[in-house]
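2 protein chains.
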Amino acid sequence: MTVNPYDVDLDRNPANHQPLTPLSFLDRARKVFPDRLAYVHGDIARTYREFHERCCRFASALSKRGIGRGDTVAVLASNVPAMLEAHYAVAMVGAVLNAINIRLDAATVAFIIDHGEAKLLITDREFSETVHAALGRVADRPAVIDFDDPVYDGPGDLIGEKEYEAFLEEGTPDFAWSWPDDEWDAVALNYTSGTTGNPKGVVLHHRGAYLNAIGNMMVWAMPPHPVYLWTLPMFHCNGWCFPWTVAALAGTQVCLRRVEANGIYDAIARRKVTHFCGAPIVLTMLINAPKALRDSFDHQVEVMTAASPPPATVLAAMQRAGFRVTHTYGLTECYGPAVACAWHEEWDDLPIEEQAALKSRQGVRYPVLEDLMVADPETMEPLPHDGETIGEVFMRGNVVMKGYLKNPSATEAAFKGGWFHTGDLGVTYPDGYIQLKDRSKDIIISGGENISTIEVEGVLYQHPAVLEAAVVARPDDTWGETPCAFVELKADADPVTPEELIAFCRERTARFKVPKTVVFGPLPKTSTGKIQKFVLRDRAKAM
Amino acid sequence: MTVNPYDVDLDRNPANHQPLTPLSFLDRARKVFPDRLAYVHGDIARTYREFHERCCRFASALSKRGIGRGDTVAVLASNVPAMLEAHYAVAMVGAVLNAINIRLDAATVAFIIDHGEAKLLITDREFSETVHAALGRVADRPAVIDFDDPVYDGPGDLIGEKEYEAFLEEGTPDFAWSWPDDEWDAVALNYTSGTTGNPKGVVLHHRGAYLNAIGNMMVWAMPPHPVYLWTLPMFHCNGWCFPWTVAALAGTQVCLRRVEANGIYDAIARRKVTHFCGAPIVLTMLINAPKALRDSFDHQVEVMTAASPPPATVLAAMQRAGFRVTHTYGLTECYGPAVACAWHEEWDDLPIEEQAALKSRQGVRYPVLEDLMVADPETMEPLPHDGETIGEVFMRGNVVMKGYLKNPSATEAAFKGGWFHTGDLGVTYPDGYIQLKDRSKDIIISGGENISTIEVEGVLYQHPAVLEAAVVARPDDTWGETPCAFVELKADADPVTPEELIAFCRERTARFKVPKTVVFGPLPKTSTGKIQKFVLRDRAKAM
Chain P
1 MTVNPYDVDL DRNPANHQPL TPLSFLDRAR KVFPDRLAYV HGDIARTYRE FHERCCRFAS
61 ALSKRGIGRG DTVAVLASNV PAMLEAHYAV AMVGAVLNAI NIRLDAATVA FIIDHGEAKL
121 LITDREFSET VHAALGRVAD RPAVIDFDDP VYDGPGDLIG EKEYEAFLEE GTPDFAWSWP
181 DDEWDAVALN YTSGTTGNPK GVVLHHRGAY LNAIGNMMVW AMPPHPVYLW TLPMFHCNGW
241 CFPWTVAALA GTQVCLRRVE ANGIYDAIAR RKVTHFCGAP IVLTMLINAP KALRDSFDHQ
301 VEVMTAASPP PATVLAAMQR AGFRVTHTYG LTECYGPAVA CAWHEEWDDL PIEEQAALKS
361 RQGVRYPVLE DLMVADPETM EPLPHDGETI GEVFMRGNVV MKGYLKNPSA TEAAFKGGWF
421 HTGDLGVTYP DGYIQLKDRS KDIIISGGEN ISTIEVEGVL YQHPAVLEAA VVARPDDTWG
481 ETPCAFVELK ADADPVTPEE LIAFCRERTA RFKVPKTVVF GPLPKTSTGK IQKFVLRDRA
541 KAM
Chain G
544 MTVNPYDVDL DRNPANHQPL TPLSFLDRAR KVFPDRLAYV HGDIARTYRE FHERCCRFAS
604 ALSKRGIGRG DTVAVLASNV PAMLEAHYAV AMVGAVLNAI NIRLDAATVA FIIDHGEAKL
664 LITDREFSET VHAALGRVAD RPAVIDFDDP VYDGPGDLIG EKEYEAFLEE GTPDFAWSWP
724 DDEWDAVALN YTSGTTGNPK GVVLHHRGAY LNAIGNMMVW AMPPHPVYLW TLPMFHCNGW
784 CFPWTVAALA GTQVCLRRVE ANGIYDAIAR RKVTHFCGAP IVLTMLINAP KALRDSFDHQ
844 VEVMTAASPP PATVLAAMQR AGFRVTHTYG LTECYGPAVA CAWHEEWDDL PIEEQAALKS
904 RQGVRYPVLE DLMVADPETM EPLPHDGETI GEVFMRGNVV MKGYLKNPSA TEAAFKGGWF
964 HTGDLGVTYP DGYIQLKDRS KDIIISGGEN ISTIEVEGVL YQHPAVLEAA VVARPDDTWG
1024 ETPCAFVELK ADADPVTPEE LIAFCRERTA RFKVPKTVVF GPLPKTSTGK IQKFVLRDRA
1084 KAM
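Protein chains in written order, with the working numbering: chain P, 1 to 543; chain G, 544 to 1086.
Among these hints, one or two may not hold up.
Chain G stretches covered by chain P per the calculated footprint, using a threshold of three residues with CB under 8 Å from any CB of chain P [as the list claims (entries may be wrong)]:
no.: 1; region: 569–579
no.: 2; region: 697–711
Take a look, some chain G residues computed to stay more than 10 Å from chain P by CB distance [stated by the list, open to error]:
no.: 3; residue: Asn556
no.: 4; residue: Lys607
no.: 5; residue: Lys662
no.: 6; residue: His675
no.: 7; residue: Pro767
no.: 8; residue: Leu836
no.: 9; residue: Ala855
no.: 10; residue: Pro920
no.: 11; residue: Asp985
no.: 12; residue: Gln1005
No lab work stands behind these hints: they were computed from the structure.
Quick reminder that beta carbons are idealized off the backbone N, C-alpha and C, glycines included.
Here chain P stands alone, though its shape is the one from the complex (with noise of 0.2 Å):
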């Protein structure tokens, strides 16, 4: 047997091959770039000189604490300086940042922290209270490190065992951070938010965030230097790899503990905002916030959003009120956004609202994702283009988790057959655009036909009065389940009853859609502002 040529002599050495990772980009933003912002909070702004000083410090502090190669470092905080240095810094020692959600109980934090079996954890005084309580149950207590941001002055004790600056000032500026020694080592550990059952820890890797980063700024065309709004939270699946992907364009990233309008806009307008991302919570915000504040910027803003689809009467009104928005879906197991609808210029002419439909779909892989289908789970086969038979949607790629952390079960469950499971229904259209319909576990059937909430949902939305719809099944003797719709009305609408509502739906859809039951009052949301349905389950099924 003859040897093919290209097979010999042609091996990966280190001047060839280096593993991928996102901190090749801060590397790169701080030598070409060193004296453009790299964030501003509050009144702090820092320099990409001072960014990658401070990562710096952070990361030999922690290799002075015997901190490396696939240790957990955790951190419990808002959108703030430390979790965008932890970003990098726990990264420069080899470590994984685990970033957690500011808003679990203590008993869910306390979980987090044994099974990621952290070694040391920075907590923002803010949630001191609920990690205190967390830290009394661990297994494995970590060093713990507090974060006073100087920008907060509400209450929360101080719990750890010195300040962040002053851990920084452990370490020194000069220290030698060395490159991953492979691509695919961890570098974030994120817990998803289980409705039943442990959450979750999602393990990704530098080859995967790499990647990531740069199909954002494919997926967004950013330009060079933009200036990011933190309204994502961080400790949400790395803020979906933008604390990468702005160190990439050397762009400014601005921080922002809260995520109220006041505060979105006065960035927008202060600091001129170009991008920023959120749930449809935060469109909705923003364009149900008093005139004034709509008003008092002048410059195009992106916005990226997801978790949920919009309805179209929100992109609608968030197109007219100075906001592109592109739609993008994804999961924590892929990095965040790893589909998108990608925009063609020739739909720019057709009448806004048919362009919020289009732009409701979900859309195309990520250029860094290399394949997603909607397909038969059973046989795995793809199901037909026809924007109708309901099936769920795989991925399989780069920018697909390593697995979960210590759970080969569900990992296994996960990739079988070669593929990731979103446990996503959805439809594909004939141009090939992906539409959800529903998580596989909230979608109704009713006389044997399957509902998409999602889809009532939208209808809801079309009524003036509507603020908030989400739609669940109600158990049923004749039809086994029926849709349940809860509504947050307009503080201002005029009053509707839910007959009027369903006379509404009526008019709109399909008979056996249309909610036999309309309960009007606040929506029980998810730290990330997503409706939690199960809790919607629950009441539906006691009524």
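Mind docking chain G on chain P? Use the hints.
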């Protein structure tokens, strides 16, 4: 010893790891933007759907002929559709594209066909005389397919078994092409135009091609759907990866058989070209074109240049003419450009001559090149960032070649010490930007002092009568070597004598750097517009 949990049960599998390959770009473009124009050539305009179908036919035809992984497919053609399609179709069967320089002599073409072991050769009718002669010399004759360009009506016989379109008919448009097994697999083989000895075959891989395609996009801040004009030969280092970059952005590639001012300006005006690349010779041609041509467009055109540093005067003239020039630097060994003069916005406020001086520096690493330094070639220690100390330029990263085909000693020498040795000499400025001073072999050593020939050429270019200048070493009994200048004057310039030019230089540079000899006349060039200094050195020696 305890096992790190991140190292357990978190392995690669098809769901979370796929080889990086530029084929991914075409796959996405044809699925998401099937109706956008992929390329135009004369009256031919083909969409991404058509482009992909033709590539599938091409790949299928190769497959039917038994050509697959690790086989070489050679193409000798100008910038025509067959060449563009070969950049995808060949990789679709795991084969390796060997694009051959159309200006080589028969003996060299024969050497390349034999050394690269091409199984099939596609040849442009215009160059069939040379190819016919080459085929008469080869040890192992490949299958030969003619490309008979409808846009070309000059001389040249058909010498192959069939024409390209008939060859495509052998294949099927629904061919199920496959991704490479490994991103380290070879994707292209490019022979360097060695000035001594046989050319060396640079082997590039899928990973690097994918990454440098993205690097181009990042460095140039390319928007979606660019209109890219093929002024740069695709046989030159795979057109710096732009056949792949443009598909990643679902842009349109404008083919061009011949690089001359009329055709370029016509394409810019008629096709609304947004981007093109070219050696400084192309820039010189454009700014010296008649005013009517120069005034024929009114949009901004982005131009990437490399190969040799453009003189400040050329850069300034381009800027005035409506072209924004991005200066890059690279070699065949690093997929084309891998270093770029990243621009700082604040430089926009400087006088245009200062801007041009800053821009004449090669700059900083591409985001996808992991490291770059000017170092002492003996010790491999980085040299001071003082803008003066000359050392060799070294690179390391994912856009460095696999190595030279069947040439382990050259590969080993190129990668000695874990860095790629470029053979170029340069300095680093205090801001970290590098500037080339010469090729190792071009530098002049006069009385023990190093003289950068590029620097002396820069002085000559400041003279209004000088169209092109090249400085080489001339042996000298007293000094060892002295600078000898070969100069081509502008057709319409006022008369100037060698003595006047020497006096002009004396006013502007150190005495030992002033050419002792000035010779007027046209300059010998390679196919890519590089001045052949080895020819001039021979002339200088013989004087």
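Here is how each hint holds up against the structure:
For the region 569–579 of chain G, the proposed coverage by chain P is satisfied: 4 residues have a C-beta within less than 8 Å of a C-beta in that chain, meeting the threshold of three. Counting residues of the region 697–711 of chain G whose CB lies closer than 8 Å to any CB of chain P gives 0, so the stated coverage by that chain is violated, three being the minimum. Not every CB of chain P is more than 10 Å from the CB of Asn556 (chain G) (nearest about 5 Å), against its label as outside the interface. The Cβ of Lys607 (chain G) lies farther than 10 Å from every Cβ of chain P, with a closest approach of about 20 Å, so its non-interface assignment holds.
At the 10 Å boundary, the C-beta of Lys662 (chain G) stays outside the reach of chain P, the nearest C-beta of that chain being 12 Å off. His675 (chain G), annotated as away from the interface, keeps every beta carbon of chain P farther than 10 Å; the closest lies near 26 Å. The Cβ of Pro767 (chain G) does not lie farther than 10 Å from every Cβ of chain P; its closest approach is about 5 Å, which violates its non-interface assignment. No beta-carbon of chain P comes within 10 Å of the beta-carbon of Leu836 (chain G); the shortest separation is about 30 Å.
Taking the minimum C-beta to C-beta distance to chain P, about 22 Å, the non-interface status of Ala855 (chain G) holds against the 10 Å cut. At roughly 14 Å from the closest C-beta of chain P, the C-beta of Pro920 (chain G) stays outside 10 Å, upholding its exclusion from the interface. At roughly 23 Å from the closest C-beta of chain P, the C-beta of Asp985 (chain G) stays outside 10 Å, upholding its exclusion from the interface. Every beta carbon of chain P lies more than 10 Å from that of Gln1005 (chain G), the smallest distance being close to 29 Å; the non-interface claim holds.
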